[in-house]
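Per this note's numbering: the sequence shown = residues 1 to 207.
There may be inaccurate statements among the hints.
30 Å max Cα-Cα, derived BS3-like pairs, lysine-lysine [as the list claims (entries may be wrong)]:
| no. | residue 1 | residue 2 |
| --- | --- | --- |
| 1 | 72 | 31 |
| 2 | 116 | 174 |
| 3 | 75 | 123 |
| 4 | 101 | 116 |
| 5 | 116 | 37 |
| 6 | 72 | 123 |
| 7 | 101 | 31 |
| 8 | 75 | 101 |
| 9 | 174 | 123 |
| 10 | 116 | 75 |
| 11 | 37 | 72 |
| 12 | 123 | 31 |
| 13 | 101 | 72 |
Everything labelled a hint here was simulated from the structure, so no lab data went into it.
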Amino acid sequence: MADFNILDVFDFDTSLLPNIIWQYENAENLKSLITQKDTWYQENLNTYWQTVVDDFLNIATATDWGLNLWGKILKVNRIYNVNGELITLSTDLYRQLILGKLSLIRSNGTVPEINKYLNFIFKNYVTETAYAAYVMDNYDMSVYYVLNFTPTDEELALIYSREFLPTPAGVEDKIYLLDQSTIFGFYDTGFMPWNVAPFWDGHYIGG
Numbered sequence: 001m002a003d004f005n006i007l008d009v010f011d012f013d014t015s016l017l018p019n020i021i022w023q024y025e026n027a028e029n030l031k032s033l034i035t036q037k038d039t040w041y042q043e044n045l046n047t048y049w050q051t052v053v054d055d056f057l058n059i060a061t062a063t064d065w066g067l068n069l070w071g072k073i074l075k076v077n078r079i080y081n082v083n084g085e086l087i088t089l090s091t092d093l094y095r096q097l098i099l100g101k102l103s104l105i106r107s108n109g110t111v112p113e114i115n116k117y118l119n120f121i122f123k124n125y126v127t128e129t130a131y132a133a134y135v136m137d138n139y140d141m142s143v144y145y146v147l148n149f150t151p152t153d154e155e156l157a158l159i160y161s162r163e164f165l166p167t168p169a170g171v172e173d174k175i176y177l178l179d180q181s182t183i184f185g186f187y188d189t190g191f192m193p194w195n196v197a198p199f200w201d202g203h204y205i206g207g
């Protein structure tokens, strides 16, 4: 999920002097007026467009104002109600969520794509030996979302919101929080031990 740079697509250069046709090459008064206009554009208009890029179009550098606009465009909430308490996502987590939602638009909805989405949002918890989170398809129209970390209050508010998890329509889902001190199983197999059902001393936190 590389950062998108609008400057790779658009050139905001507003230099006017190259547009003077050859008939007016020696018209010094005209060239002086155009030069003054060009200077104004360089000092004002280009700065304006660069601000639009930095504060809004480039999500990697967008301010809270820009991120809130992206949230309205993508219908991504920033404030969640958890047991009557309003929790607002931090700038960093909200930025990750918006980038993640953009990736979902291009995804095919498979388990690997969902795992990529989850571990992008919670990338601070990804280690060399374990995912931060993953989804398990139970092949019975239900899935488990497994969290391999202890979420903060704002992360928990996000997880509880039904719009966050990309569960397909008609599929039941549950969320489990793993207690890493009591887990037994083989890495990268969904904690499957020796041809039996997965087991862990997990804490069910919602579904």
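Hints and how they fare:
1. With a C-alpha separation of about 45 Å, the suggested pairing of residue 72 with residue 31 is violated against the 30 Å cut-off.
2. For the given pair, residue 116 sits about 19 Å from residue 174 by alpha-carbon distance, which is consistent with the 30 Å threshold.
3. Between the alpha carbons of residue 75 and residue 123 the distance comes to roughly 22 Å, so the proposed pair stays at or under 30 Å and holds.
4. A C-alpha spacing of about 12 Å is found between residue 101 and residue 116, which places the hinted pair at or below 30 Å, so the restraint holds.
5. For the suggested pair residue 116 and residue 37, the alpha carbons sit about 49 Å apart, so the restraint of at most 30 Å is broken.
6. About 24 Å separates the Cα atoms of residue 72 and residue 123, which keeps this hinted pair within 30 Å; it holds.
7. The suggested pairing of residue 101 with residue 31 is violated, with an alpha-carbon distance near 49 Å, which exceeds 30 Å.
8. With a CA separation close to 10 Å, the supplied pair residue 75 and residue 101 stays within the 30 Å bound.
9. Restraint check for residue 174 and residue 123: satisfied, since their Cα atoms lie roughly 21 Å apart, inside the 30 Å limit.
10. For a cut-off of 30 Å, the pair hint linking residue 116 to residue 75 stands: about 21 Å separates their Cα positions.
11. The suggested pairing of residue 37 with residue 72 is violated, with an alpha-carbon distance near 37 Å, which exceeds 30 Å.
12. The suggested pairing of residue 123 with residue 31 is violated, with an alpha-carbon distance near 55 Å, which exceeds 30 Å.
13. Proposed proximity of residue 101 and residue 72 is supported: the alpha carbons are some 12 Å apart, at most 30 Å.
Going down the numbered hints, you'll see the structure goes against 1, 5, 7, 11 and 12, while the others check out.
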